Every structure is written in structure tokens, then in C-alpha cells.
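**Q** If you want the building blocks of each chain, they are given just below.
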Amino acid sequence: MAAVTRTFGFIPRPKMQTGIWSWVTTVDHKRIGILYTFTAFFFFLVGGIEAGLMRWQLAKPDNTFLSADTYNAVMTMHGTTMIFLAVMPLLAAFMNYLLPLMIGARDVAFPRLNAFSYWSYLFGGIFINSGWFWISERAVPDSGWFAYAPLTSTTFSAGLGPDFWSIGLVLLGIGTLVSGFNFLVTILNMRAPGMTLMRMPMFVWTVLITSVLIIFSFPAITVALLMLIFDRTFAANFFNSSPATNVVFWQHLFWTFGHPEVYILVLPAMGIISEIIPTFAKKPLFGYPVMVFSVAVIGFLGFTVWSHHMFTVGMGPVVNSIFALTTMAISVPTGVKIFNWLSSMYGGKVRFTTPMLYAIGFICGFTIGGLSGFMHAAAPSDAQQHDTYFVVAHFHYVIIGGSLMALLGGFYYWFPKMFGRMLNEKLGKWNFWVVFIGFNLFAFPFHFLGLMGMPRRVYTYGAEMGLGFWNLVATSGVFVLGAGLLLFMLNVYITLKKPMNATADPWDARTIEWSIPSPPPEHNFDQIPVVVARDHLWNEKHPEHGVRAPKPVPERYSIHMPGQSWMPALLGLGTTVLGYGVLLLNDTTEESTKSVGLFLFVLGLLLTLSAIFGWAFEGDGGHLVEAEGKHYGT
Amino acid sequence: MSLSKGSRRNLGLALLSLVATALAGCGITDPKLPQTVFDPKGPVAQMQYDLLNLTIWLAGGIGLVVSLVLLYVVLRFRAKPGDHEVPKQVHGHTGLEILWTIIPILILVSVTVPSVKAAFTLDSPPVKEALTVRVVAHQWWFEFEYMGLTNESRSDKRVVTANEMVIPVNQPVVLQLESKDVIHSFWVPKLAGKVDLIPNRINKMWLEADEPGEYFGQCAEFCGSAHAKMRFRVIALPQAEYDQWLAARQTAPASPADPVAQKGQQLFVQSCAACHAIDGVKNAQGQEGAIGPNLSNIGARTTLASGVVENNEENLRKWVRNPQTFKSTQKMPNHEAMPAAEFDALILYLRSLTK
Chain A
1407 MAAVTRTFGF IPRPKMQTGI WSWVTTVDHK RIGILYTFTA FFFFLVGGIE
1457 AGLMRWQLAK PDNTFLSADT YNAVMTMHGT TMIFLAVMPL LAAFMNYLLP
1507 LMIGARDVAF PRLNAFSYWS YLFGGIFINS GWFWISERAV PDSGWFAYAP
1557 LTSTTFSAGL GPDFWSIGLV LLGIGTLVSG FNFLVTILNM RAPGMTLMRM
1607 PMFVWTVLIT SVLIIFSFPA ITVALLMLIF DRTFAANFFN SSPATNVVFW
1657 QHLFWTFGHP EVYILVLPAM GIISEIIPTF AKKPLFGYPV MVFSVAVIGF
1707 LGFTVWSHHM FTVGMGPVVN SIFALTTMAI SVPTGVKIFN WLSSMYGGKV
1757 RFTTPMLYAI GFICGFTIGG LSGFMHAAAP SDAQQHDTYF VVAHFHYVII
1807 GGSLMALLGG FYYWFPKMFG RMLNEKLGKW NFWVVFIGFN LFAFPFHFLG
1857 LMGMPRRVYT YGAEMGLGFW NLVATSGVFV LGAGLLLFML NVYITLKKPM
1907 NATADPWDAR TIEWSIPSPP PEHNFDQIPV VVARDHLWNE KHPEHGVRAP
1957 KPVPERYSIH MPGQSWMPAL LGLGTTVLGY GVLLLNDTTE ESTKSVGLFL
2007 FVLGLLLTLS AIFGWAFEGD GGHLVEAEGK HYGT
Chain Y
42 MSLSKGSRRN LGLALLSLVA TALAGCGITD PKLPQTVFDP KGPVAQMQYD
92 LLNLTIWLAG GIGLVVSLVL LYVVLRFRAK PGDHEVPKQV HGHTGLEILW
142 TIIPILILVS VTVPSVKAAF TLDSPPVKEA LTVRVVAHQW WFEFEYMGLT
192 NESRSDKRVV TANEMVIPVN QPVVLQLESK DVIHSFWVPK LAGKVDLIPN
242 RINKMWLEAD EPGEYFGQCA EFCGSAHAKM RFRVIALPQA EYDQWLAARQ
292 TAPASPADPV AQKGQQLFVQ SCAACHAIDG VKNAQGQEGA IGPNLSNIGA
342 RTTLASGVVE NNEENLRKWV RNPQTFKSTQ KMPNHEAMPA AEFDALILYL
392 RSLTK
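Top to bottom, those sequences are chains A and Y.
Once you know that position 377 of the first sequence is 1783 in my numbering, the rest is easy, because the numbers rise by one and skip nothing.
Once you know that position 120 of the second sequence is 161 in my numbering, the rest is easy, because the numbers rise by one and skip nothing.
A few of these clues could be false.
Here are the computed lysine-lysine pairs in the DSS-like style, where the Cα-Cα straight-line distance is at most 25 Å [as the list claims (entries may be wrong)]:
| # | chain 1 | residue 1 | chain 2 | residue 2 |
| --- | --- | --- | --- | --- |
| 1 | Y | Lys158 | Y | Lys221 |
| 2 | Y | Lys221 | Y | Lys323 |
| 3 | Y | Lys304 | Y | Lys396 |
| 4 | Y | Lys221 | Y | Lys245 |
| 5 | Y | Lys121 | A | Lys1835 |
| 6 | Y | Lys359 | Y | Lys198 |
| 7 | A | Lys1466 | Y | Lys323 |
| 8 | A | Lys1835 | A | Lys1947 |
| 9 | Y | Lys396 | A | Lys1947 |
| 10 | Y | Lys221 | Y | Lys198 |
| 11 | Y | Lys372 | Y | Lys359 |
| 12 | A | Lys1755 | A | Lys1835 |
| 13 | Y | Lys169 | Y | Lys221 |
| 14 | A | Lys1832 | Y | Lys158 |
| 15 | Y | Lys245 | A | Lys1466 |
| 16 | A | Lys1903 | A | Lys1835 |
| 17 | A | Lys1904 | A | Lys1832 |
| 18 | A | Lys1755 | Y | Lys121 |
| 19 | A | Lys1755 | A | Lys1947 |
| 20 | A | Lys1755 | Y | Lys129 |
| 21 | Y | Lys221 | Y | Lys372 |
| 22 | A | Lys1903 | A | Lys1832 |
| 23 | Y | Lys121 | Y | Lys198 |
| 24 | A | Lys1947 | Y | Lys221 |
To be clear, the hints were calculated from the coordinates, so they are not data collected in a lab.
On a predicted model such as this, the values are computed, not experimentally measured, just so you know.
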């Protein structure tokens, strides 16, 4: 590949092709996708270890394996880690890697911003978790991942826990918000010729709606977090329990974000299985337009149901009934999707590959999670289930039974595209069944425990409660699930050691990312395809069934690819140092920490400003790639 | 299948009872469990249970239909080895889409109507004048104040108890829910679903017990370190016994006659009364301590440490000597240094408060 490099700005763009600095400076969406994958999997393991610790503590009544405070910290970090640092970034990994490939683009709209999203995620994740290693005591967040006021105020949480949590989430949130805009613009502006909105793969549709959800929901939590930071740092008066404040306002802001967040975790997962099922049933997605509209409706209704998290707050029967109605309404488009997936398989030739098993696992898990969600919608009876293990069962079915199943299926499906190697199918099936059985063994008993009267977020329970047996079953299940995930890691490890063996289209798939080599070249497409149908590649392979696409126009000039940059990583680092500065200003234990805080604050500010100026002045850079089959015009 | 309507219903009932037996067999619906929602003992819990049952059977039924369809599809349409035939490329079916939009809506309406109805019915008690108990949550215990009544022996004249709410059976009781610190939630599964106790805010709920008994309750909103051990009891008594109990709450406990217990009372004033109250016993400020639970009938309560352990002499000694034994986080200091004779006197006094 002959690369011509030109730099127009003041600061030379880095050009490393290999080694660690090539990863630090990369703006290639595929490399960023791989960075997201490995980082998110690391945090997933951290969250999993936290889950194991909690389950060990709860395995028997009145256990003393973890103290109350340690348990509360582990519980808070488990929720925060799994949602913000594991599942969402794993989905972001897919979005990054696949989105440009699926719409026939050579990168995202803003490659440097994309890199910045990753770095702010990595540094934010490290920031939140650094409480574990902090010098002062009680630095780990322990007010729950929902952090209800006024428990987070300095009166009731004197340690640095809520500071690590709130500042860390602001840092993470910036990156997420940037990703939302980036994907939205990419989808709207960078589709291949002929790829109308209604010809986009379903996964792309879910990313589009998810981006909208991110753009509208993250500001709500950012505002809430900044108010909390102001409360704790500058003794503002938003959420402490003085008579002038309304602590319920925190809950409204939090769930205005928190409920759309659930759909941010689930919609892309729905998109993933909407790609897997048609491939392995050899049929197009049934009811594509209805599927598109139901995603859009779910996205919209997702903003109208937040108060069902607050049915016991005492909002009164009118408000509770309205939110019960909107919540029930959301199960209509969800049910429609399930029936359409089933119909996509109906009449097909279903191949039980590992990705397909996971897609079916998704349908099972998500249906159960959806049905218990529908049960919660009945506000009066929800007063019994609310804040019990029944709710814990519900969202573990949605997030593990739903999102994680789809993610693992997606890995098996797209792994050959990303790494050029097929994961071992035999090990994959073992992996699926152990995960599936372990998960159900661990999460299904939660339904029973909740109805038997076990509240959430308790570090222990009395023997007289009669909860020991099912807790023990759940604990054994979590270790089976863990073993299943180890099989997955083993499979990835073994496969990456082997030479590349994947063809461009190993699954006989339907969408255009399978028309290019595995793994794709840096510029993705030698020639951007002219899309004539929804399942463009299938259409190409089966001309008897559809319209023939016009031949893609060969590139007349060299392909211009974006240049690498130091600035995204530097900006992520700068904002994080700034975060440590603000945090240390809160640490009132010693006078000296305050001056260290001030120093870090100034240093972080300088780094942030230099990164922003560097970003603006390093010029557009970029290099040229000569595509195969280039037609040298005049 | 040409079953008559009646026998079909019987079949359905048999199936239901089969599932119910299976659940009971696993101990899930065992009414002996102290906090199970499957054993409602009052009209509020009953109404919530009926609605819950409706949603359980509907969800179960829908789940069954979806699983059967899924099972049929994956078994019927699995690809045989070597079969490379391309199936018919079906893109959709408008009629079906309309069908599976309408049917869920109808099912939802069948739940929405009773649930909205229940929301309004449960909003206020069926009688105008009801006994009102003010419930104040503290980290990590509950205070109960009986409204509209007086106890002349106290400087504030309030009728107060802690961690055990005593109510008359078969009478609606209105609860006025408040919090002194963070958000808590009041939950007695056999009597009523939960409602939060929120600082700077007054929430209302009501409950009623159909039969006398001891009902387990627990804080259901995460409220910090000892959230798991913020438990309480609701004790429903027949009217006469309740009246007797209430009369005792409206007067000070009789002063001890035993000289050792008298010594114990003095020690209480010195060491405990800054935080704890025993009606009629004033602390150095001439008031009743209000930081910890009221102990006026501590000898008669079923539990110690807010519902955590059984109330007996051994546990009381452990608890007062070192509260960490039962609850790692609470605000009570330990009394390891108190001489044994004094400690015995204090315990004797506390154990004597049985009315």
C-alpha cells in the first residue's frame, strides 16, 4: 500500500504504523473498535469478580464474608462498572467497528472525536475505579449506582466515594455524548450511494436511534452530576436534605437518563440479532419497516416512562397510572419485534451456529425480562416487587439475557471479520450452553427471592427469612456463568494464536460488510458499492431473486484517509487530571492534599487547553491510499 | 379437542393448581415465610396480590406461547445437513403485523383497567376517621408516633414507640411517612406494598391486618451502611389488648421497686438518656432523649437492634456491651468499660420494662 503523507498544520501528525503508539494515536474506527473490545472486556471481568464477591456473601444467611460497607461498595461498583464500563462500551465496540462497514463508508464522520470518545472512556473508567487504591478510607463509591440524594451529600457520605463516582461519570459521559453525535452524523451523511434509510441494515437503524437516545438522555445525568459535584465541592444546595431542597428531583433527573439508558443497552443488541437471524435462517428480516418503526417507537416511549422507577415515591394515583400506561405501551413494539424475529426464522433453513444459538438465547432471555417488566408496569402490585430481588431478576434478564447474549453472539458472528479467524464452533457451542444454563440458574431464582420478601441492596439476610436455599442456587449459577465466560475467553485466545483462515463471507451473509476482505483493509472498500437492495450482498449472490446492482465506479483518485493524532488521547488525559484536581479539592482530611489538588487542577487545565489548541492547529493531515482497480482519470 | 367449556375450565384449574403445587413444593409460595407476598393478611396486600396474580398468569401465558412458537420454529425449520436449497424470501405480512399489534394491546387493557382502579382504591382508606401513626425513619431504625393522643409524663406529650408498631386488628391504619435523614422505604409484605419515607416530605399510606399476629417489615430503599439490618415488626392485636397496650404508652412505666433496678434507672439517666427515652425519665437536660429509639417497653419487645435479633437477656447484654456484635454500623457507643455490677443493674432495669 503506497501511502503519501502530507501535513498542512503546525504540528506534525504522528505516522506510526505498528507498536503501542500507533494504537495511542490511531483514528481508524476498526482499531478503536478493537480497543473498545479489549478494554470493555477487562472491565467486564472486574464487574464479574464483583458479582462473584456479592454472591459469595449472599450464599448463606448472616454471612460475614464481606462487611456491610465493603458489600455496599462492591454493589455500587458492580452496577456502575457493568453499565457504564462494560456493556455500553462493548456495544460501542460493535458500533465503531461495524457501522462504517455496514453503510459503505471509509471511517466515521469525525475520526479524531471517535478516538477521544475511547480515551475519555478508558481514563474515566480508571478514574472511577481508582477509589479502590486511594490512600484515604472510604474512597470507593458506596451509595449505589443510582446514588439517591441525600445519601450522597457530605452529611451522609463524608468519604470521597461520591466524588469518584460523580466526577468519573462526567468524564465518561463526555465521551459517550460525543459518540452519539459522531454516529448520528456518520449514519446521516456517509452512507454509500443508493443506501437509503430504509435500505440500511437493522443494526444501523438501532445505532441511529441509540445515538438519538444518548444525545437526549446524557445531558440529564450530566446536569444532575454537576449539581452533585457543586453540592459536594462548593456546598451548593441542590440535593442535601436542608428544608429548601427537593431530593426527589435527583431521581427525576437520574431516571430521565436512566430509563433511556436501558434502551441504549438493549436496542443495539436487538440490532445485532436482527443481523444474525436472517443470515442463519437464509431469509430476510421479516417485517423490516415494522421493525424500524418499533425501534423508533421504543426509543421515543423510552423517554416517557422514567417515573416507573419511582412508583413508591408517593407521586399519587394519577401520575402512577399515567406512567403505568406508558410503560405498558412500550411492551407493544417490543412484542412486535419478538414475533418478527420468530417469523424471520419461520419457513427458513435455520443453521444452529454459535451466533444463532446466542440469538435464540437472546429471544428467550429478553422475553422473560420483558414479561417481568410488563408485570412491574402495574403500579399497585409493583409496590410489592419494587426494590426487591424480583427487579434484580428483571434487569439481569434484560441486560445479560438480552444485551450480553446478543453481544456474545455478535462476537462469534463478526469475529472473523474483525480478526480474520473463525472462532472454534465446537468450543463455541459449549460456551453457549454453559453460559445459558449458568445464567438462568443464577438469575431465575431472583424472581422467587423477590416475591419471598428479599429486598435489593442488602448485604445479608436473617436465617428466619427462609431465603437461604434459592440464594445458594443463585450463587452456584453465577459461578457456572463465570465458567462459561472463561470458555469464551479461552476460545478467543486459542483462535488468535492460529493463522488467519476466514474468507470474506464465511457465513453466507447478506450485508455489505461481508463483501470486503476479513479483516478489512484500512480504507475498508476499494470501491464504494452502489446499493440497490436492503440485503445488498445476498442480492448480488442471488441475481435470480433481485435487481442487479450497477458496477461500482472505480475510484478516479487516491483514497484520502484521516491522519493519526496525539490530541484525542491528550485531551482525555487532560480532563482526567482536571478531575483528580477537583476531587482532591474535596479531600478535607489534610491541608496538603488541597494544594496537590490545586496543582493537578491547573496542570489538567493546561493539558486540556493545549490538547484543544493542538487539535485545532495540527491541520487536517491525512494520507493517500491507492486502491486496487483504481482508474486513473484525468 | 372437543372439551366442554366446563371441563376445559376444570382442566385449566387443574393445570393452575399443578403449577401452584410445584411452586409451593420448592418453598416459593410457602405462607410461613415471614416476608412472602403470597400470603396477604390485609385488604391492601390482598388487592396488590390479586393484581400480581393476574400479571403472573398473563406473563406466564404469553411466555408459554412465545416459547412454544420458538420451539416449533427452531425444530421444524432447522437446516438438514447438505440441504443448500434457498428458502422463499418472505419480506413480511401486513395482516400478521396488525394482528400482533392488536392482541398485545387488548391484553394490556385487561391489566391496565384493574391496575388503574387499584391505584385509586388504594390511595385512601375506606373510612374517614382512622387511627394515624406517624412513621419517622432514622438511619437505621423506625420511630412510631400515635397521633392525636397524649402522654402527660413526657415533656413533649407525644405517644412514641420504636421498631415495633402495634395496631388494632381489622381497622384501617393511616401511616404518615417521614424521614429524619436519607430516603427509606416502609414495607410489610403481608400487609401492604412499600411507600418511601423522604426527608422534607410527608407521604401517606394505609394498611389493615385481618388477623392478629406479628408481621415482618424491612426498609426497602438503600439507606447506607446498615440498610440490610433496618428491620421492624408490625404487631396486630385484638382491640382490647391493643387498648391496654396503648394505655401503657400514654403513661410512664412504674418506677422500679427493686433497689438494684432503681440503681439501674440512675445508670440509664447517666449513660443512656442523652439519646434514648423512657417515658417519664428525664435526662440531664430535663427531656427525653430523641437520637435513639424509645425504650419504654424494651422488656416486652420481640426483637433488639431494630428487628435483627430475638429479645432475650443474653442478646440484650451483648447488644449493650458491644452493639457491633449484631449490627456493624449504628450510632450507639459500646459499654465494655462499665463495671459488671452496674451493667447487671442496668440490664435488670431494662428487662423490667415489660408493659
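**Q** For each hint, tell me whether it holds in the structure or not.
**A** Hint check results:
no.: 1; hint: Y/Lys158 x Y/Lys221; in the structure: 33 Å, violated
no.: 2; hint: Y/Lys221 x Y/Lys323; in the structure: 23 Å, holds
no.: 3; hint: Y/Lys304 x Y/Lys396; in the structure: 20 Å, holds
no.: 4; hint: Y/Lys221 x Y/Lys245; in the structure: 16 Å, holds
no.: 5; hint: Y/Lys121 x A/Lys1835; in the structure: 18 Å, holds
no.: 6; hint: Y/Lys359 x Y/Lys198; in the structure: 32 Å, violated
no.: 7; hint: A/Lys1466 x Y/Lys323; in the structure: 44 Å, violated
no.: 8; hint: A/Lys1835 x A/Lys1947; in the structure: 29 Å, violated
no.: 9; hint: Y/Lys396 x A/Lys1947; in the structure: 88 Å, violated
no.: 10; hint: Y/Lys221 x Y/Lys198; in the structure: 20 Å, holds
no.: 11; hint: Y/Lys372 x Y/Lys359; in the structure: 16 Å, holds
no.: 12; hint: A/Lys1755 x A/Lys1835; in the structure: 19 Å, holds
no.: 13; hint: Y/Lys169 x Y/Lys221; in the structure: 28 Å, violated
no.: 14; hint: A/Lys1832 x Y/Lys158; in the structure: 54 Å, violated
no.: 15; hint: Y/Lys245 x A/Lys1466; in the structure: 36 Å, violated
no.: 16; hint: A/Lys1903 x A/Lys1835; in the structure: 20 Å, holds
no.: 17; hint: A/Lys1904 x A/Lys1832; in the structure: 16 Å, holds
no.: 18; hint: A/Lys1755 x Y/Lys121; in the structure: 8 Å, holds
no.: 19; hint: A/Lys1755 x A/Lys1947; in the structure: 17 Å, holds
no.: 20; hint: A/Lys1755 x Y/Lys129; in the structure: 10 Å, holds
no.: 21; hint: Y/Lys221 x Y/Lys372; in the structure: 14 Å, holds
no.: 22; hint: A/Lys1903 x A/Lys1832; in the structure: 17 Å, holds
no.: 23; hint: Y/Lys121 x Y/Lys198; in the structure: 83 Å, violated
no.: 24; hint: A/Lys1947 x Y/Lys221; in the structure: 70 Å, violated
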